[in-house]
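Asks: Chains as they are written, first to last, in my numbering: chain A, 441 to 1035; chain B, 441 to 1035.
Calculated from the structure, these hints are not laboratory results. Treat the numbers as computed from the prediction; the structure is a model and nothing was measured. Check before you lean on any hint, since a few could be wrong.
[As the list claims (entries may be wrong)] Each computed BS3-like pair below joins lysine-lysine, with the alpha-carbon atoms no more than 27 Å apart: (1) 513/B x 613/A; (2) 920/A x 498/B; (3) 513/A x 613/B; (4) 763/A x 857/A.
[Said to hold, decoys possible] Using C-beta positions, here's what the derived DEER-type ranges look like: (5) 605/A x 441/B: 30 to 36 Å; (6) 512/A x 930/B: 25 to 31 Å; (7) 891/B x 785/A: 39 to 45 Å; (8) 691/A x 792/B: 23 to 29 Å; (9) 527/A x 930/B: 39 to 45 Å; (10) 544/B x 648/A: 49 to 55 Å; (11) 691/A x 891/B: 34 to 40 Å; (12) 524/A x 923/B: 37 to 43 Å; (13) 989/A x 644/B: 34 to 40 Å; (14) 929/A x 458/B: 19 to 25 Å; (15) 527/A x 792/B: 49 to 55 Å.
[Said to hold, decoys possible] Counterexamples of contact, computed for chain B against chain A with all Cβ distances above 10 Å: (16) 453; (17) 622; (18) 756; (19) 782; (20) 949; (21) 999.
Beta carbons are placed, not taken as given, at the ideal position from N, Cα and C, and that holds for glycine.
2 protein chains.
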Amino acid sequence: MADDGYANHEAVAKILPSGTKVFALPPLPPQGKADAWLEKSAGVFSEAFETAMNWHEKRIQALQKLPGEALEKIWWPFTQHATVEPDTVTVIDGRYGEDFEIYDQEKGRDGAIDLRFDGAASWWTQGVSAELQQELNSAAANAAGRYGHVMFPENVHQPSMDATNALLEGPGKGWGSRVFYSDNGSTATEVGLKMAFRKYYVDAGLVSKDGHQRAKDLINDGSCHLPQLRIIALDGSYHGDTLGAMDMQSPSVFTGPMQTPWYQPRGLFLQPPSLAIRNGEWTVALPPHGLLNDGEDRLFHDGKDLESNTTWKSKADAFDIGKRLDSPLANEYRQAVDKALERAEQDAKAGHMGPVGALMMEPVLHGAGGMVLIDPLFQNILMKVCRERKIPIVLDEVFAGIWRLGTEGAWEIIGEKPDISCYAKLLTGGLMPMSATVATADVFDVFYGPGKAQGLLHGHSYTAYPIGCAVASKALSLYKDPAKNPNLIVDASSKGDTPTAYLRELWDESKLKEISNKSSVRRVFGQGCVLAVELEVEGEGGYSSNAAKEVVLRLRPHSVQARPLGNVVYLMCAPTTPKATCDRLLNVLAEELSE
Amino acid sequence: MADDGYANHEAVAKILPSGTKVFALPPLPPQGKADAWLEKSAGVFSEAFETAMNWHEKRIQALQKLPGEALEKIWWPFTQHATVEPDTVTVIDGRYGEDFEIYDQEKGRDGAIDLRFDGAASWWTQGVSAELQQELNSAAANAAGRYGHVMFPENVHQPSMDATNALLEGPGKGWGSRVFYSDNGSTATEVGLKMAFRKYYVDAGLVSKDGHQRAKDLINDGSCHLPQLRIIALDGSYHGDTLGAMDMQSPSVFTGPMQTPWYQPRGLFLQPPSLAIRNGEWTVALPPHGLLNDGEDRLFHDGKDLESNTTWKSKADAFDIGKRLDSPLANEYRQAVDKALERAEQDAKAGHMGPVGALMMEPVLHGAGGMVLIDPLFQNILMKVCRERKIPIVLDEVFAGIWRLGTEGAWEIIGEKPDISCYAKLLTGGLMPMSATVATADVFDVFYGPGKAQGLLHGHSYTAYPIGCAVASKALSLYKDPAKNPNLIVDASSKGDTPTAYLRELWDESKLKEISNKSSVRRVFGQGCVLAVELEVEGEGGYSSNAAKEVVLRLRPHSVQARPLGNVVYLMCAPTTPKATCDRLLNVLAEELSE
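Next comes chain A alone, as it looks inside the complex (with noise of 0.2 Å):
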């Protein structure tokens, strides 16, 4: 500040944080006088640069310290702490767009910040380029100024009722009328189950519609009468690391006690037909063992117009439901879960397992399975059947929803619409941690009576927690705004149930062709803000798979940070990445890939 004889500067000081310095210079000189004024101020500026080159060493030191300290303290997710070195740990120093700050260990001070394109779009979470990132900072600044946290049973507050009516008009349009807040992705699959389990009781006539008579026997009465349900799920899908969650998957080596205490595979599982370019063409595979893996229901045994079925030049062709729902393969699709279901029920009846009360299932991806595109066709099926067998059925749109596959709910590509949805991680843009689970009229309806018994006993301190609010709303109306998202396409001839809104390809098809051709590759595609690539290795591949790693690291120079999952390579992006970033982003990839 320039020292006009007021001290204002020692008075601004004073109301800085502690810390904060404050450099007086001389009143500022008239025209022609700078050079005595510069003399004159040579110390003040001195000092400044000093103090700037003080703070600028502390914080080198503070990084340098950080990966030993984080090696000593921290207890990662998902990490065995044996593999870890310290010049492995990514010292991470700001975000700049969709770009880390990494601090760079090995290049020392000079120079020591790195850009990396975050190529986990920090585990699959950030909804906006650069620009609007801002934009989401200022909702919950406001926010938090205004509000801090209220709590919210029998509460409203502005940020809630703004978050909600984008939900509902989002991707709960045209079928989502209540709104559940919790966390995270976990809690709101365990709430979607609840929601689900009650609606079939009542549809089932366990619990009569008004429910309070029988509802109040059966919850007064220690030894309920109610049967235990059970789902029905998809093989390799994921819907949280919650016990309940887990019990919701099917087994493999997350679910063992060692991992998980208590865990019962609680679905009947069945193996999804899956969709990806395979040598230059869109192909489904179909589960070789059957939907069951009992070898029983296996599609097209005969082999029959296999080919012409399962195999599309473009994806355009293969995402056609509505042309693809005439084909025998949709009859086989059918029949085999008529069977399935049909088995399940005759189980129930005989008492050896419970009724199936929900359909639990990931729309379209199966993101931490493996990155494994599902055929829409067989789930707008599965749906259908369900629907008809009154099973209520609930969506885990946590990672597919909200843009990320195209399209603003990842039900749209399926061409279904479900009783209940879960979205988390793009729901708040990338900033905090909030999940919501949609539900329609008539499943809040089964928990709407006389007593307080009948409701959903469920809640967190910090549900629909104002700031959480404010940034989802806020993100939300950004994805879809066509001055603000320079992907979106707005089709404002569409009606009925084709989207009205998608985005536009992201990840070049011809490209994605040419990269499936190469001898390293099984599979590829791209689909919204995901680009995935499975590598060809013996065997199956799969989570404890090292393949990718060497690939992730060979994208590191072209200033990617990637993280491998298992056999697969995948790179995401924000709905909102402006597509020159993705075409760089392909093409590095397909230059690291061997052939």
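Following the hints, complete the assembly by docking chain B onto the known chain A.
Replies: Here is chain B on its own, set in the frame of chain A:
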């Protein structure tokens, strides 16, 4: 802005968020010429006034719409919607320090905003009083701008290290060595359980210490031979609403299939002795049918020495664990606990039940279970016995920890250290969700080995998000900064196991005793930030009782917004709330409780 002919106002308007109005006044007049200037400016002033009034009008209209809209679209936690009417929805327009700013629907337009003390301290999360909230908000805004979110596994950023250090030097001091982050208390306790069970398997020799070979066999072999474990827990405790956390609870109105699919009570549930002021004296109430509720292990069943062991004139005596450890009651506790655990071991040997693999317990205070103080002497002895028997100890300090009860770690009141403890709520000072599971080096050690499958394969996308971490480290530092927290008492002379810092008593003890003598009151206590009064009702009371609702409504005209908990009225402040505020709250409550 003054329009000095440069049209600065137009330039400024362009960079402000769209919709922001900028008014340009004529250049400011020289001294003595104000009249003409004001006349010339009148149009601008009235336009500004009109704009402000329009804005206010819209704000009121928006507030008026909220209750109806909320009832139509929001699904509240723990709420039976059928019992909520538009005029019972609380419309919150903001927070001013510890007060809600409530739009009073009855008062209408004028003076429509009411300030009311947030007596549920926003459902048990609020950490700081008015002046300090801005410091938390600044920490949040700073981290949002610099980091946004960055994925956590094998990465480190300064806020994550700051929060980790604050936890290890705070509630984890003297025992904690590692911090694992998740999003809420429910996930924190499930993570704690996973840690404890693994520790048990290794300590019991079921998995070898370096673990690789044996662990690998077990995991690759689908039919795992590790026994299913159960826990020891206290009846009436609460560990969150996820399905796994619910399995840690004893059966209740919340655990039937109407609420909690797949529920199985997984604990050996002990009936804990409780502590409160009853009729003017601090009194321990022993479980009438013994620890196991089977009438066999009744404590002091011969009545000998009962009164002198279970009543005290002062709080200091009741909480003097060191002294009470020599008492006959301590001996009774030990025998009863030993007997219960002995029986559990026999059951495990006989194969009736799985072995006990963890103690899971809320220290000192059951919050959601009805605001029940547990005798800390009992918990001290239970922890000691578990340690002797190599049962890992998990404390759920989500509610009780971080100064809630007057000490940074709630375990400090008990005087025994846990192996694992869970923190949330106050951790982020009342702004946003985050939780931490802190563990000893010994616990971490059993997850450290050559194989990925031996790591803790649990995680959430927003794990250790920078904003949450920055706010947590700031909040933890504010609580124990004597310059910021007026309630802090630092005892420099303290050493060994007694706390070096604690909060002054916020609730006047003589007033509490006076309240306890009222005929309408069953028990009362003030501990740390919590004041609780259980009302005399017919029968047991509990969550379904409506007795407290009436008292809560009588507090409204005193500008206090409380939330009933069955037949308990409680008020909660922040660790930094001025004593004068607590005096006022206590007096108001005393006044409104009938004789």
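Asks: Would you pick out the hints that fail for this structure and give their numbers low to high?
Replies: 10, 11 and 17
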